[in-house]
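Add 122 to the 1-based position in the sequence shown for my numbering, that's all there is to it.
Hints are supplied without guarantee of correctness; some may be wrong.
Said to hold, decoys possible - Lysine-lysine pairs mimicking BS3-like chemistry, simulated, CA-CA at most 30 Å apart:
no. : residue 1 : residue 2
1   : Lys239    : Lys203
2   : Lys167    : Lys239
3   : Lys203    : Lys167
4   : Lys167    : Lys124
5   : Lys203    : Lys172
6   : Lys172    : Lys124
7   : Lys239    : Lys124
8   : Lys172    : Lys232
9   : Lys232    : Lys167
10  : Lys124    : Lys232
Calculated directly from the structure, the hints in this document are not laboratory data. As the structure is a prediction and not an experimental result, all values here were calculated from the model.
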Amino acid sequence: MKQMVDAYEQTGGNLLSVLEVPEDEVSSYGVIDPGAENGRLTEVKGLVEKPPVAEAPSNKIISGRYILQPEVMRVLEDQEKGAGGEIQLTDAMARMIGAQPFHAVTFDGKRYDCGSKLGFVEATLALALERDDMGDEVRAMAQRLLG
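Make a model of the complete structure from these sequences and hints.
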């Protein structure tokens, strides 16, 4: 979050955290249509929720971290269902582009996909291994399980 707060202090408005992924993975995520870039900051000209690979405007996916102005939440009150038959925050944000500034900061770090069971296990294990108070015990436990 510090990366986002630092970026927000430069841009104001609405800020999204994005990650660059291989092009064949974009159809699983919300994707930004990028404008001008300045280092890790990118102007956001548009958003597309789970586009087909051939229609994706970039390989910069929304990583689920936001600093948003209150007006975006108000737009959600009237938002129609979008991709997957669900109300999509991405669609509400897309409606606000042009009315308010939107930027993205490319996240520098490791991301875990906790939206899947396997990704959740990976995140839990990775973070437990990093902890000084349990990392050695978790490593030993994993080795026992792998036997």
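Verification of the supplied hints:
no.	hint	in the structure
1	Lys239 x Lys203	26 Å, holds
2	Lys167 x Lys239	33 Å, violated
3	Lys203 x Lys167	22 Å, holds
4	Lys167 x Lys124	24 Å, holds
5	Lys203 x Lys172	14 Å, holds
6	Lys172 x Lys124	27 Å, holds
7	Lys239 x Lys124	27 Å, holds
8	Lys172 x Lys232	22 Å, holds
9	Lys232 x Lys167	26 Å, holds
10	Lys124 x Lys232	14 Å, holds
Comparing the model with each numbered hint stated earlier shows that hint 2 is the single one that does not hold.
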